[in-house]
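Student: Going line by line, the protein sequences match chains A and B.
My numbering numbers the first residue of the first sequence as 1 and each following residue consecutively.
My numbering numbers the first residue of the second sequence as 1001 and each following residue consecutively.
By construction, these hints were calculated from the structure, which means they are not laboratory data.
Bear in mind the structure is a predicted one, so any value in this text is a computation, not a measurement.
Some hints here could point you the wrong way.
Output of the computed footprint for chain B on chain A, the stretches with three or more beta carbons under 8 Å from beta carbons of chain B [as the list claims (entries may be wrong)]: (1) 10–20; (2) 25–39; (3) 43–56; (4) 59–67; (5) 76–89.
Ideal placement from N, C-alpha and C gives every residue a C-beta, glycine not left out.
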Amino acid sequence: MTPLWGGIAVMIAGCFALKYAGLSVPERVLQHRLTVRATDLIPAGLLGALIAVQVFARDGEIEVDARLLALGVAAVLLTLRVPFLPMVFAAALVAALVRQF
Amino acid sequence: MTTDRSVIVDSLGVGIATGTYGASFGAISATSGLSVLQTCLLSLLVFTGASQFAFVGVIASGGNPFAGAFTAILLGSRNMFYGVSIAPKLGLDARSRFASAHLVIDESTAMAVTRETQRQARLGFYWTGLSIFVLWNLFTFLGALAGNAIGDPRTYGLDAAVGAAFLGLLWPRLATWQGRMVALIGSAVALGLVPFTSAGMPIIIGGAVAVLIGMLWGSRKPS
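In isolation and in its complexed conformation, chain A is listed as follows (with noise of 0.2 Å):
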């Protein structure tokens, strides 16, 4: 097995299992408040870093390039509650125009 697909077995094993926890272990075990606190700020932390890496790493460097306005641009249709496809769309659009000067 590559890694890559044994990637993608841990990964499926793993959500479902959460899933599958949830809808079957007693309520008070998960409804500890670190627990219930720390899952909910895990999805903003992590984003936030996977926002941050996908729009300035390139190859292990830090470079700042069509990405960053393509970022902008989706902050800005996310504030006029564009829909998530069209938003997108028109962030690979600005970012692919943009490097055709």
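Starting from the known structure of chain A, fit chain B onto it as the hints suggest.
Tutor: Then chain B, alone, in the frame of chain A:
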């Protein structure tokens, strides 16, 4: 009074709006180096959008697949809490819990958890979950084919689309000061680590540091 009909119509609306963005996942995944088969398997068997985007995001930046899987599973941890909050609403026996668990995602939970009767909670959960599942997988496949056909993803700005997709997923969490601060710390720590660690690690460490600081900060406030 909420009628059964209006629950179903609302659920299908959410299903269509969410399911179609499987197209962007399919295209991004295929251009990140996953095959069409791998891309489709993720949507069929992982079926939790933010985790799928996270995994291909780590792969696209050259990260270890297991670092990607770890990031994806951490992001999927919220599904566990969704399960806890809707289990009493749905009232399922052991067998149907196993069969239904796969459908526990942000949208199906949101459409079920506020219902007043078990019947309408189930209607909202299954109509939303199943309509998203069908469309998400169909559009993943179409997006993967399109992504595979176009060559260098940078020419089409698809590398920039990943950041935009993550921002779309993060957006609702930026409504509070705490969400904004945690996201900012996560991104700052991750960026600082990019030159010094292997790809994938800045995301996990950045996320972990942000959550820790968020918890310390929150615990000082009376709630």
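Student: State for each hint whether it applies.
Tutor: Taking the hints in turn, this is what the structure says about them:
Beta-carbon proximity to chain B at under 8 Å applies to 9 residues in the stretch 10–20 of chain A; the threshold of 3 is reached and the given coverage holds. Coverage of the stretch 25–39 of chain A by chain B holds. Counting CB-CB distances below 8 Å, 9 residues qualify, and the rule asks for three or more. Only residues whose C-beta sits within less than 8 Å of a C-beta in chain B count toward coverage, and the stretch 43–56 of chain A has 14 of them, enough to reach three; the restraint holds. Counting residues of the stretch 59–67 of chain A whose beta-carbon sits less than 8 Å from any beta-carbon of chain B gives 6, enough to reach three: the coverage restraint holds.
With 7 residues having a beta carbon nearer than 8 Å to a beta carbon of chain B, the stretch 76–89 of chain A meets the requirement of three or more and the stated coverage holds.
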